[in-house]
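S.K.: Each chain, letter by letter, is given below.
2 protein chains.
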Amino acid sequence: MSERLVLPRPCLVFIADVSDPRYAKTAKGLIDWVPEHCVGEWALPGNPLRLGLPVLDPAAARARGARSLVIGVAPVGGRILDNWVPALVQALEAGLDLVSGMHTPLAGIAALAAAAERRGRRLIDLRIPPSELPVASGRPRPGRRLLTVGSDCAVGKKYTALALTRALRERGLNADFRASGQTGILIAGQGLPIDAVKADFIAGAAELLSPVADPDHWDVIEGQGSLVHPGYAAVSLGLLSGSQPDVLVLCHEAGRSHVSGYGPQFPLPPLAELIELNLAHARLRRPGARCAGISLNTGTLSAVKAEQAMAALEQELGLPVVDPVRGGTRFVALVEACLALRR
Amino acid sequence: MSERLVLPRPCLVFIADVSDPRYAKTAKGLIDWVPEHCVGEWALPGNPLRLGLPVLDPAAARARGARSLVIGVAPVGGRILDNWVPALVQALEAGLDLVSGMHTPLAGIAALAAAAERRGRRLIDLRIPPSELPVASGRPRPGRRLLTVGSDCAVGKKYTALALTRALRERGLNADFRASGQTGILIAGQGLPIDAVKADFIAGAAELLSPVADPDHWDVIEGQGSLVHPGYAAVSLGLLSGSQPDVLVLCHEAGRSHVSGYGPQFPLPPLAELIELNLAHARLRRPGARCAGISLNTGTLSAVKAEQAMAALEQELGLPVVDPVRGGTRFVALVEACLALRR
Chain A
1 MSERLVLPRP
11 CLVFIADVSD
21 PRYAKTAKGL
31 IDWVPEHCVG
41 EWALPGNPLR
51 LGLPVLDPAA
61 ARARGARSLV
71 IGVAPVGGRI
81 LDNWVPALVQ
91 ALEAGLDLVS
101 GMHTPLAGIA
111 ALAAAAERRG
121 RRLIDLRIPP
131 SELPVASGRP
141 RPGRRLLTVG
151 SDCAVGKKYT
161 ALALTRALRE
171 RGLNADFRAS
181 GQTGILIAGQ
191 GLPIDAVKAD
201 FIAGAAELLS
211 PVADPDHWDV
221 IEGQGSLVHP
231 GYAAVSLGLL
241 SGSQPDVLVL
251 CHEAGRSHVS
261 GYGPQFPLPP
271 LAELIELNLA
281 HARLRRPGAR
291 CAGISLNTGT
301 LSAVKAEQAM
311 AALEQELGLP
321 VVDPVRGGTR
331 FVALVEACLA
341 LRR
Chain B
1 MSERLVLPRP
11 CLVFIADVSD
21 PRYAKTAKGL
31 IDWVPEHCVG
41 EWALPGNPLR
51 LGLPVLDPAA
61 ARARGARSLV
71 IGVAPVGGRI
81 LDNWVPALVQ
91 ALEAGLDLVS
101 GMHTPLAGIA
111 ALAAAAERRG
121 RRLIDLRIPP
131 SELPVASGRP
141 RPGRRLLTVG
151 SDCAVGKKYT
161 ALALTRALRE
171 RGLNADFRAS
181 GQTGILIAGQ
191 GLPIDAVKAD
201 FIAGAAELLS
211 PVADPDHWDV
221 IEGQGSLVHP
231 GYAAVSLGLL
241 SGSQPDVLVL
251 CHEAGRSHVS
261 GYGPQFPLPP
271 LAELIELNLA
281 HARLRRPGAR
291 CAGISLNTGT
301 LSAVKAEQAM
311 AALEQELGLP
321 VVDPVRGGTR
331 FVALVEACLA
341 LRR
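Chains as they are written, first to last, in the numbering used here: chain A, 1 to 343; chain B, 1 to 343.
For the record, the hints were derived by calculation from the structure and aren't laboratory data. Hints are supplied without guarantee of correctness; some may be wrong.
Where chains are identical, the list cannot tell them apart; a pair therefore holds if satisfied intra-copy or between any two copies.
[As the list claims (entries may be wrong)] Within a straight-line C-alpha distance of at most 30 Å, the following computed DSSO-like cross-link-like pairs (lysine-lysine) qualify: (1) Lys198 - Lys305; (2) Lys305 - Lys28; (3) Lys25 - Lys198.
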C-alpha cells in the first residue's frame, strides 16, 4: 500500500524575498528541530533576513550534499510568487529536488515543470496526499502510540509531539515523530498531510501514518485541530480514530477562551469535558486509552504566572501539566505519566 | 453550490459482481424511490443477486429507451474493479452514458475514456465535489434542519430522510431532502458527495448542503456513516458539525450488534450512548439539538417480531421508534416528535 511521503535530505532552506521572520516559521522549525538536515540557507538578492546557517547558492549546496531545496516561508496567501521562479529553476538546474508546502502546486508552474522534466528532478508538494489510500481497517495493531490532541488550532500540538519524541529517545526508547501537517512533514522528512485527505480515507491515512511496529516502539503523532473546532473537527476525529492511541496529551494555550479566529460566540468547553470527549472516541478503538496530561502553552505569560497557571490546572484536573518549552521537572512528570500508562 | 446535475434517464442499473444486497443499496434506492427512471437491471455472469427489474443487457436496455448505465453498487472503498470494465465498455458501445458514484473517476480508466470518446458518450462522476469549498464558518443560520445519524453504514439513513421529507411535505410544510451521498444525489438530482470532500472542508461542504433558509423551512439531511465507525467517523462528524441540526433521528438495524464488514470485535455501543455522543457534538453548534426518535430497520423480521423490537426499544430509550418502511401510527409519532422539538 502506498506510503508516506519521504523527503530527499539534506536540504537547502530557501526564504525567497521574505524578510519578516514571522513568515519564515517553516524555516525556523526546520533549523530548531533538524539542523543536521539543513546544509545552508538561501535568499533572493536584497533580502537581509539571516537564519544562522551558511549562506549557499544551489550549486554550492549541491556540492555540500544537499538533495533538495525547501521553500521555508509561508507568506500570507501561501502562493509561490513569480519573482521566485528563476531561483527555483536554478535549484532544479543545480540538481536539487523542490519541496513545497505552498498552496500553489509546483507542477502547475510551467517553468518549474519544464526544468524538472529536463533535469529529471522531483517536484514535491507536501499538501498532496498519496492518491491510493485505504479505508481504515480499525484492527488493533502492535506498537505504542501517543497522539497530541488540542483544544484548538495552533496551541502546540506539533511542538509537544516533537519534544516528547526527543524525551523518549533520550531515555533510550525507540520512538518516532509522526507528522500529519506540512511543517511537521518538513521536520520529520516524512509524513502525511491529513487535512488534505478525502473524508472516507482520513482514518485509513492515519493508520498508514503510524503503522504496525514493535511492541515497545513509540509513535508520537502530531495532532491536528480539535474535536470541538467548527471547521476542523472531522480532521481531528479521523486522525484520532485511525491512530488508535494508547496515550493522549491534551494541548491548550493558557488563557485561550474561544476558538481562534471564530470569536467569542465559539467558547472552548472546559478541558475536563474535552478530555472525556477525546477519550470516548479513543476508547472505541483502544479501550485502555488514557490522557497522560496537559501541554499548556504559556508563551504569553511570565515565568511566575506560567507556574501558577500550570499548578492551578494540575490541581483542577489531577493530571500533570507542563509547558514543554519551559521543560523542567514538570516535563519529566509528563513523560513518566505517558510511559506509566501502558505498564 | 455545485451546479445542478441533469442526469440522462431512464437508466439501466448495473450491480457488477456484488451479490450482497447491503452493498447494492444504490440500486435499491433508485428502484424504491424513482422506479420510473429504471428500465432494467444487469449483473456480471454468475452474480445471483436480482432486484426485481427486467434483466437486460446494455443493447436491450438501449432498445427500451435507456440513456445511461448507473453503477448501482457501493462496496467498501468505492472503487471500480478491473473485472467490471469490459461490461462498462459494452454499455458505452451500446450507446449508454455511464453514471458512477465510485471514488475512481470514470475517465481515469483508460478503456472507458477511449470508449466514451469513440462513441461520443458521457462519463458522469457523482462523487466529485465542487473544487472550491469553504472551511466551515460555524455561524448559526436560520431554517430548521433534521439530520439522520446512524449506528453504522447501511442502516436506513437515506431512506429515513426521504420518508420524513415526504411526510413533512404531505403535511404542507416546506421541506427539502438534502443528499450527501451518491445514491441520494441520483434520487434527488442534486446534492454534495460529502465523503469525497477533503478533510479540512467537510463541515464547510455540509454548511453549503443545507444553506440559510426561511425560518419555517425544513432541510432533511441524509446522514453518512456513524460517529463510531472505524473508517467513516470523520465523515459523520464533519456532516453533523456543519449541518447544525435542530433534530437528530438515529437510524439502526434491528439485531445488528457489530460494525458491518468489520466483524464481532467491533461491537456497536448501546444506542443510548450513541445518542449522547451525537448530541454532545451537535450541541456544540446548536445548543438546543435533540434526538426525536429512532428509525429501526426491521427488514429481516416478521411483522410481529418487528413490533416487539420497536416497542422494546421505545420502552428502553423513552423515544418514538419506527421502521419507516412499515409506516403506520409509529411513523406519525416520529414525525410529530421531530416537529414538536422546535416549538
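S.K.: Could you figure out if Lys305 and Lys28 sit no more than 30 Å apart (CA to CA) within one copy, between two copies, both or neither?
M.R.: The answer is within: 24 Å in one copy meets 30 Å, while 63 Å across copies does not.
S.K.: Is it within, between, both, or neither for Lys198 and Lys305, if the alpha carbons may be no more than 30 Å apart?
M.R.: For Lys198 and Lys305, the Cα distance exceeds 30 Å both inside one copy (42 Å) and across copies (40 Å).
S.K.: For the identical chains here, do Lys25 and Lys198 meet the 30 Å Cα criterion within one copy, between copies, both, or neither?
M.R.: For Lys25 and Lys198, both the intra-copy (24 Å) and inter-copy (22 Å) Cα distances are at most 30 Å.
Consistency note: the structure conflicts with earlier hint 1 alone.
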